[in-house]
Amino acid sequence: MTEQNSQQHVPALPGFSQELRTLFGKPPLLANEDGAAHEALLASLALAVRPRDAVEWILVKDVTDLNWEIQRMRKAKAGIISVTEKEALRCILESIFEIENLQGRDRMLEAELKADDWYTKPSIREELIALLSRYRLGEEAIAAQAIALRLRELEKLDSMIASAEIRRNAMLREFVVYRDNFVHRRYSDIEAIEGEITEFSLERPRQLSPPEPETVDELPN
Amino acid sequence: MASDRKIAANRKNALRSTGPRSAAGKTRVSRNAVRHGLSAPIADLPVSAEMDRLARKLAGEFATPQRLEQARIAAEAEFEILRVRAHRKTHIDLNAANSRAERSDLLPEHRNAVAIMEALPEMAALERYERRAVSRRKRAMRWLMYTAPLKDEKSGLLPRLRAPS
Chain V
684 MTEQNSQQHV PALPGFSQEL RTLFGKPPLL ANEDGAAHEA LLASLALAVR PRDAVEWILV
744 KDVTDLNWEI QRMRKAKAGI ISVTEKEALR CILESIFEIE NLQGRDRMLE AELKADDWYT
804 KPSIREELIA LLSRYRLGEE AIAAQAIALR LRELEKLDSM IASAEIRRNA MLREFVVYRD
864 NFVHRRYSDI EAIEGEITEF SLERPRQLSP PEPETVDELP N
Chain F
714 MASDRKIAAN RKNALRSTGP RSAAGKTRVS RNAVRHGLSA PIADLPVSAE MDRLARKLAG
774 EFATPQRLEQ ARIAAEAEFE ILRVRAHRKT HIDLNAANSR AERSDLLPEH RNAVAIMEAL
834 PEMAALERYE RRAVSRRKRA MRWLMYTAPL KDEKSGLLPR LRAPS
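For the protein sequence lines, the chains are V and F, in the order given.
Numbering-wise, the first sequence is residues 684 to 904 according to our numbering.
Numbering-wise, the second sequence is residues 714 to 878 according to our numbering.
In short, the hints are calculated from the structure, not lab data.
Just so it is clear, CB atoms sit at the ideal spot from N, CA and C, and this is done for glycine as well.
Among the hints, erroneous ones may be present.
Have a look at the derived ranges for each label pair, beta carbon to beta carbon [to be verified]:
| no. | chain 1 | residue 1 | chain 2 | residue 2 | range |
| --- | --- | --- | --- | --- | --- |
| 1 | F | Ser-730 | V | Ala-761 | 20 to 28 Å |
| 2 | V | Ala-731 | F | Arg-855 | 18 to 26 Å |
| 3 | F | Thr-740 | V | Asp-841 | 39 to 47 Å |
| 4 | F | Ser-730 | V | Val-860 | 27 to 35 Å |
| 5 | V | Gly-708 | F | Ser-848 | 16 to 24 Å |
| 6 | F | Arg-734 | V | Ala-761 | 53 to 61 Å |
Residues from chain F shown here face chain V by an in silico Cβ test under 10 Å; the list is partial [stated by the list, open to error]:
| no. | residue |
| --- | --- |
| 7 | Lys-739 |
| 8 | Val-742 |
| 9 | Asn-825 |
| 10 | Ala-826 |
| 11 | Ile-829 |
| 12 | Leu-857 |
Cross-link-like lysine to any residue pairs, in silico, SDA-like; alpha carbons within 20 Å at most [what the hints assert, rightly or not]:
| no. | chain 1 | residue 1 | chain 2 | residue 2 |
| --- | --- | --- | --- | --- |
| 13 | V | Lys-839 | F | Arg-729 |
| 14 | V | Lys-758 | F | Arg-766 |
| 15 | V | Lys-760 | F | Pro-778 |
| 16 | V | Lys-760 | F | Glu-835 |
| 17 | F | Lys-802 | F | His-823 |
| 18 | V | Lys-839 | F | Arg-841 |
| 19 | F | Lys-802 | V | Met-756 |
Let's have the full structure, built from the sequences with the hints guiding it.
Now the structure itself:
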């Protein structure tokens, strides 16, 4: 999703006219998001449901955009946790150093340095893993602490994802309702056409039947 | 208390500073109080012609004035949705650009995450506009859906039957 210039094969979208494309404008992609991936998502949906008119295209495009945004927010959640892990490790180390009677400024500084070294020095990392295990903590404790630190933001994102999913599902329902109505109308059209054909075919034999032979009075001998 | 001379000078100066005089200046200051412009009616914006085109497409063949009216509501709501999404994208992009400048230690894949985290208050505010526009569009499209004409009242023609592409 965030790789640019990916060489994905995007199938052509029959029915998605240039005019509709212009009217819908550019897809709401971030600067470093991949337009081809968005187009591929739109194509896969369009090929599955085969939109027939502008209303159906609007719904398909909306479902695509919402799916894209949901994916983006899910990735953001994972990214937020990853970005906060260093801060989380520092918090955990501060608590451990407090138990180990390291005082005030030293404790904070030591935790900060060790947290930095976790990512750059494998030996320190091993040392810290051993220290954490002494307190029955694994590496997953760091992710848990990161979640705790960003709980408010993650909750907000979760509620936005849920809201986008509700909108997307409503859009899909709307598509089904529209398609049902469309099919129903087409059946009505066909019935109407058939009605007209029947009327025509009922009238035609009368028109095309050969005229009654005129009765010729027999001439008297 | 200010002297009469001072009051007169103030009044004279005030006459000189009554805002911009050129048309461009007036246009610029007319947008001073605009925060995101999402409450402004979209009909006033330059996309109005495109909106009409979309409305005509949505109304379909044999559009009655009522159908055109509902199609216009749907098109307006659609453009509003697009506007909200573009606005959200801009917010996140701006935050990402800032984080690129301020936090060079961030991995590229984490930049969006941080940008989204920082844009959360605006994103939450924008959601209200999007929800409202979506439900307005849904109502209008349902109306169009259920009142689609089977035949044109004047010509008696059936709408063109199209095979699925």
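Here's how the hints hold up against the structure:
Judged by the Cβ atoms, the range 20 to 28 Å given for Ser-730(F) and Ala-761(V) is violated: they are separated by roughly 54 Å. About 23 Å separates the C-beta atoms of Ala-731(V) and Arg-855(F), a value consistent with the hinted range of 18 to 26 Å. Between Thr-740(F) and Asp-841(V), the C-beta spacing of about 42 Å keeps the proposed range 39 to 47 Å intact. The supplied range of 27 to 35 Å is broken by Ser-730(F) and Val-860(V), whose beta-carbon atoms lie about 59 Å from each other.
For Gly-708(V) and Ser-848(F), the Cβ-Cβ distance of about 21 Å falls inside the hinted range of 16 to 24 Å, so the restraint holds. Evaluation of the 53 to 61 Å hint for Arg-734(F) and Ala-761(V) yields a pass: the beta carbon distance comes to about 55 Å. With its C-beta approaching chain V no nearer than about 29 Å, Lys-739(F) sits outside the 10 Å limit, and its interface hint is violated. Among the interface hints, the one on Val-742(F) is violated; its C-beta lies about 28 Å from the nearest C-beta in chain V, farther than the 10 Å criterion.
Using the Cβ-Cβ criterion of 10 Å, the hint placing Asn-825(F) at the interface with chain V is satisfied: the shortest such distance is roughly 6 Å. At a threshold of 10 Å, the smallest CB-CB gap from Ala-826(F) to chain V is about 2 Å, leaving the interface hint in force. Hint status for Ile-829(F) relative to chain V: holds, with the closest Cβ pair at about 4 Å, below 10 Å. Interface hint status for Leu-857(F): upheld, as the beta-carbon distance to the closest one in chain V is roughly 7 Å, under 10 Å.
Between the alpha carbons of Lys-839(V) and Arg-729(F) the distance comes to roughly 50 Å, so the proposed pair goes past 20 Å and is violated. Note on Lys-758(V) and Arg-766(F): the hinted pairing is violated, with a Cα-Cα distance of about 37 Å set against a maximum of 20 Å. For the hint pairing Lys-760(V) with Pro-778(F), the CA-to-CA distance comes to about 48 Å; that exceeds 20 Å, so the pair is violated. Under the criterion of a C-alpha separation no larger than 20 Å, the hint pairing Lys-760(V) with Glu-835(F) is consistent with the structure, at around 17 Å.
Proposed proximity of Lys-802(F) and His-823(F) is supported: the alpha carbons are some 16 Å apart, at most 20 Å. Between the alpha carbons of Lys-839(V) and Arg-841(F) the distance comes to roughly 14 Å, so the proposed pair stays at or under 20 Å and holds. Distance hint between Lys-802(F) and Met-756(V) is fulfilled; the C-alpha atoms sit about 12 Å from each other, no more than 20 Å.
The structure fails hints 1, 4, 7, 8, 13, 14 and 15 (numbered hints given earlier, in ascending order).
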